[in-house]
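There are 2 protein chains.
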Amino acid sequence: MAPLTNAQWLLAARPQGEIRESDFEYREVPVPQLEEGEFRVRNIYLSLDPTNRIWMNDAASYLPKLELGEVMRGITLGVVEESRNPGFSSGEHVTGLLGWQRYTVSDATGVAKLPPIPLPLTAHHGLLGHIGFTAYWGLIDIGKPNPGETLVVSAAAGAVGSLAAQIGKILGMRVVGIAGSEEKCRWLREDLGLDGAINYRTENVAKALSQNCPDGIDVYFENVGGEILEAVLSQINLKARIVVCGLISQYNAQTPPPGPRNLGMILMRRARMEGFIVTDYLNRSQEAAMKLVGWALEGKLKYRIDLVQGLENAPSALKRLFTGGNQGKLLVQVSPES
Amino acid sequence: MAPLTNAQWLLAARPQGEIRESDFEYREVPVPQLEEGEFRVRNIYLSLDPTNRIWMNDAASYLPKLELGEVMRGITLGVVEESRNPGFSSGEHVTGLLGWQRYTVSDATGVAKLPPIPLPLTAHHGLLGHIGFTAYWGLIDIGKPNPGETLVVSAAAGAVGSLAAQIGKILGMRVVGIAGSEEKCRWLREDLGLDGAINYRTENVAKALSQNCPDGIDVYFENVGGEILEAVLSQINLKARIVVCGLISQYNAQTPPPGPRNLGMILMRRARMEGFIVTDYLNRSQEAAMKLVGWALEGKLKYRIDLVQGLENAPSALKRLFTGGNQGKLLVQVSPES
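Chains as they are written, first to last, in the working numbering: chain A, 346 to 683; chain X, 346 to 683.
Here chain A stands alone, though its shape is the one from the complex (with noise of 0.2 Å):
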């Protein structure tokens, strides 16, 4: 039997600033037979994600640093088509870090297997999986939330930030977006139920949290840095917690800009700025999924997938995520669910 055809996208060079799509190089080369203990995945949907560009880099983040030449890394799901693994069989479904690929041939190292779910299957890249339990953990394990107070989340019409913004009205708190766009904001108000959204683009951030928050800010899940930062910081309330969970306005900068001038605020109103990563609270992954699943079958948390066809445009698509056009969690078609 001939070989199959696998289509990879490699990473061909280091962006300098925004991502170009020559950064990547497509290909094409037969995939390799299974050695004992392999497994065959046929990827289905790639996630395409703001730490995506942080991987791109010449230098080791909280993953290795991934060398030129190298698949582009990524987050898939896919079905096993063909196993030598006896803890794989065929036709179960996985995610892992599988890469910009159409087959990835696995030892099972970082492959986890994805339960049955009573929602679509895309559902475990937008509602649950790395983007649902980030928001999950994030907000409830490092934003330790109350009834009560006020959530500012940035970045608010994105897959995490819907999310963490959803969760904090089903927790019983006031919630404020910031997003980039009317229409954003508009989804956020009517479609989500925030208690406030702002664009980030037309006003002034500060003075509308100021309109938005007036009890001041108890929790910030931050998505973005920057001057939104500096603005939330200003109206912290005693013992905030800020929930860093990405920085996507710097991921593009060649030279870092500085942080805020008011990082004093921390002192002042001791408040507690934490980062995070989903893979710490892998072992609660199920006790995530059963919450998130539950609101969602209720009908209190909603999510929206974005979906691009054809892993040939996932290097197109991926610079979308930097100028906020993307409509909900963004996923590549790589190849049909059947």
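If you're looking for bench data, these hints aren't it; they were derived computationally from the structure.
Glycine included, C-beta positions come from ideal geometry on N, C-alpha and C.
One thing to keep in mind: the hints can contain errors.
To be verified - Selected chain X positions facing chain A (in silico; Cβ < 7 Å):
#  : residue
1  : Tyr407
2  : Val589
3  : Leu592
4  : Pro601
5  : Pro603
6  : Pro605
7  : Leu608
8  : Gly609
9  : Leu612
10 : Ala616
11 : Phe621
Following the hints, position chain X against chain A.
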């Protein structure tokens, strides 16, 4: 009987940048007669602290704003000389925000009695009280230190920093101090037994940190802010804790300087940066005092007192704190101990 004459320093002007002696106004006024429930304290020692600069600003901080014309706010240690309050008796030692003045008439608000200790009276300010308890709770409760971890302390020759650094050693940490002179660095290494000391005025702090902290930095006890914070952030370990105790480099700034460019390290290293204030731990003072006195009696914990004679010299002494001119806990002797 003729009324006693009080000597007071009032806040006369808001400092623009560095403190000037003309920001204070000296006056002598009669001490009022005691009302029912009041007592009169003769202040013995006035504590001068970096945070005094914050209190002079035209803004609330963690305390209400001090108005122009009010007695300058300050923590003192004194003795009750006359009392119409059944809770306080003549001869008892007390502490509180009793102000820059020789006598304070108090209704007991915010005044704490000082228990007898087997150490000089000044130990209440140099080893215990707002100095020692700040070092203790900041390191223990916010820093969550573990034996074998690396602790970096800025302003390490200062009153709080030198205690925090020594407590780190007692707990089995590798401890590196940052200070502003060769003499201070020698004291940290030779007398306090620190593993390393960096003179930030003559050394490249980032480079010196990497030499002194070969295993990275787990806990940073922050008294300074600015460039030193940036240098430390660049070398923090996973799950590092940054204890924000003070930011003295910024207190005189008329326009606050930008924050560190590499605040993203909080995210990359899943670190925690947290401010605190010692008054949050008032109900646990005895626990801290037992430890600190015990360590001091065992010879494991040293402190120095820099004693300035005479209330009239308080303004010039306070200025010294911001040039690093003091050697140990800066106190003003307002009146004799007995």
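Structure-based check of each hint:
no., hint, result
1, Tyr407, "6 Å, holds"
2, Val589, "5 Å, holds"
3, Leu592, "5 Å, holds"
4, Pro601, "4 Å, holds"
5, Pro603, "3 Å, holds"
6, Pro605, "5 Å, holds"
7, Leu608, "4 Å, holds"
8, Gly609, "5 Å, holds"
9, Leu612, "4 Å, holds"
10, Ala616, "6 Å, holds"
11, Phe621, "5 Å, holds"
Violated hints: none; the structure is consistent with every hint.
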